Structures are given as structure tokens and as C-alpha cells.
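Enquirer: Chains A and B supply the protein sequences, listed in that same order.
Numbering follows our numbering, with no gaps: position 28 of the first sequence is 28.
Numbering follows our numbering, with no gaps: position 70 of the second sequence is 184.
Keep in mind that the hints are not guaranteed to be accurate.
What the hints assert, rightly or not - Mimicking EDC-like on lysine to aspartate or glutamate, the simulated pairs with C-alpha atoms at most 20 Å apart in a straight line are: (1) A/Lys13 <-> A/Asp62; (2) B/Lys227 <-> B/Glu129; (3) B/Lys227 <-> B/Asp199; (4) B/Lys172 <-> B/Asp199; (5) B/Lys172 <-> A/Asp62; (6) B/Lys163 <-> A/Glu102.
The set of hints was computed from the structure by calculation and includes no laboratory data.
Values in this document were obtained by computation on a predicted structure and should not be read as measured data.
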Amino acid sequence: DAGVTQSPTHLIKTRGQQVTLRCSPKSGHDTVSWYQQALGQGPQFIFQYYEEEERQRGNFPDRFSGHQFPNYSSELNVNALLLGDSALYLCASSLGVSLSYEQYFGPGTRLTVT
Amino acid sequence: AQSVTQLGSHVSVSEGALVLLRCNYSSSVPPYLFWYVQYPNQGLQLLLKYTTGATLVKGINGFEAEFKKSETSFHLTKPSAHMSDAAEYFCAVSDTSNTGKLIFGQGTTLQVKP
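With the rest of the complex left out, here is chain B:
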């Protein structure tokens, strides 16, 4: 069965510092991987996704993630945090593209300190 583990329910960084949000997945087949962001009282917004091809994926708002099969990881990074990045971040996995079913992690709250 597929699963997603996000290490660290809360991450705090200073404005301008590197953002690193960790995600490890379990899948018996090559996965499709996603990162979503959720701002208070809003729905989820797709940051980036990996399906096939290049393992370094660039997304919106300066975020990127690297698919590492050997480590079963898909960590999210951003070189320099902005105050506006404070939100809840979710990693998700699917084992096929022919489905709408995403398996989400429990989420990581990112706090950005001035």
C-alpha cells in the first residue's frame, strides 16, 4: 500500500533562510509525486509535481523538489524564505496517472520568522 511520511509537523525558519520540507513515500511502483500548499481558510494549491523524466522539478513561487528513488524521498526546498510562504504544506503520492486518488501526508506547518 502506498503511504507518505512528512518528517516534522512544524518547521520554523527565518526570512531569507533555506526552506527544507521532508517527504518520504512508500510505493510498489514508480510513483507520481506532488506538493501542495494550503493557506488558512483556502483550498490546496499545487506547487509542483513529478511524473516521469527529470528528477529535479521546479514549481511555483520559487519552490523545487527532487525525486530520489534510492531514498524514496521527494523533499521540497526553496533557497530563500519569504513571510508569504508561511502555510501548511502537503506531500502526496499516487501510483498511477489514471486516477484522481491522491494519498496525502499529514502536513508540515511552515513558520517564517522576520
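Next up, chain A with everything else stripped away, as it sits in the complex:
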């Protein structure tokens, strides 16, 4: 079992550009959540996808959007990048939306905005 995989591992973008990050959930999982972890901080919840719909959203602007595909994989898109968007972006998958199911985290994508 490959677990949760994310691509790319690292990414460098310029202010104002757009970026797409990808996540493949653990086998059998149908729910994907995204978190942003700034340097020296704990992860912050961006949003959760289940059945190809955004189920819950954290306090992030509309520049952050996502998508879930029929195979349960997910993308995180960030438009009009700001320096403050530099962070580790974590994807977590689970069997369902409930926290009764353990969330399994991927290794993250390190985004640097210059």
C-alpha cells in the first residue's frame, strides 16, 4: 500500500502565478482534506472533499480552490500567489468525513513563492 502520495515534492513559483498541487489518497479512502503548514506553525485546515464536492472549508480566501476526481484523487489550486502562500501543503485522506476514521497524511508539497 503506497499510502497518501503528493506531487510535486517541491515547487518554486513567482508572485502572481498560479499553482496546482496533487494528492492521491490511500487505497480505499474516499475523503481528502488539505492543510497549509507555514514554517514553524501547525497545519491549518483549508478544505475537505468528499464525493467530489467541497464539504467543509477553513478560513482561506477564494484564491484557494480544489477538485476531487471520480478516483478520489484531489487537486489544490492557488491563484494569484502571494509571498505568504509559501508553506508545506499537506493532504490527508480517510475512509469518510468523520473523525472516527483516522486521517492519513502525505509527506506534503513544499511551495516557495518568490
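Position chain B against the provided structure of chain A, taking the given hints into account.
Expert: Okay, now just chain B, sitting in the frame of chain A:
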């Protein structure tokens, strides 16, 4: 609003000594509480969680935590530290099980000295 405070951004112990990582939370309803560990260049791994029932929760790798409602605390302990325990530890809270949204603390770096 929910929040999590981890007291001490860095904790250093000697190998074989007691590990105590502190976590206090704020929640208007009975919380769900979690401890995660993050090793360098890896995603978060669940150590243990409290939902309901027994207030002393045992997790993986010899860790345990006790939910103390009167103190709004959920401190993580391990009787004897191993070198392999050196990592970043995050406490997290949620106010309901029907969500993937976790509120994380800022993390505590555990250093284990030989």
C-alpha cells in the same frame, strides 16, 4: 472558537527520561482531541486520540495522554524517551466527529539527548 495551546516550542530530555508535552485547548463543547507526530520530511502520523469514554488514552510507541476536562488539558507522556522519539509533536482539537477539520497547536519539538 476552538483553539489549542502547546506550552513550550522546544522540549529537551535525556534518553530514558520522562517525556511530557503539554497541550491545553479551548472548546465550547466536549472536544475530540488528538496527538500527531511529524518526522523530518514526512507527513503527520496519529499517535492517539480521545473521543469519549476513558480519559486515559494509550497510543502507539508507548505514548499516552490524559483528558482532564477541569484543566482543559490533554498532555502527552511517555515514561522513557528513546532517541527515535525526536520529532515534532502536534496537539489538535475538533468540536465534532462529523468533520475533517482539525485545529492544530503550533507544535513542540522534542529533542532527545544521549
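Enquirer: Holds or violated: A/Lys13 with A/Asp62, Cα cutoff 20 Å?
Expert: Holds, at about 19 Å.
Enquirer: Between B/Lys163 and A/Glu102, does the CA-CA distance stay at or below 20 Å?
Expert: holds, 9 Å
Enquirer: Given the proposed pairing of B/Lys227 with B/Asp199, does the C-alpha separation stay at or below 20 Å?
Expert: OK: B/Lys227 and B/Asp199 at ~11 Å, within 20 Å.
Enquirer: Checking one constraint from the list: CA of B/Lys227 to CA of B/Glu129, max 20 Å. Satisfied?
Expert: Holds - the C-alpha atoms of B/Glu129 and B/Lys227 are around 6 Å apart, at most 20 Å.
Enquirer: Could you grab the alpha-carbon distance between B/Lys172 and B/Asp199 and see if it respects the 20 Å cut-off?
Expert: holds, 16 Å
Enquirer: Is B/Lys172 close enough to A/Asp62, meaning Cα to Cα at most 20 Å?
Expert: Roughly 40 Å between the alpha carbons, so the hint for B/Lys172 and A/Asp62 is violated.
In this structure, only the earlier hint numbered 5 is contradicted, and the remaining ones agree with it.
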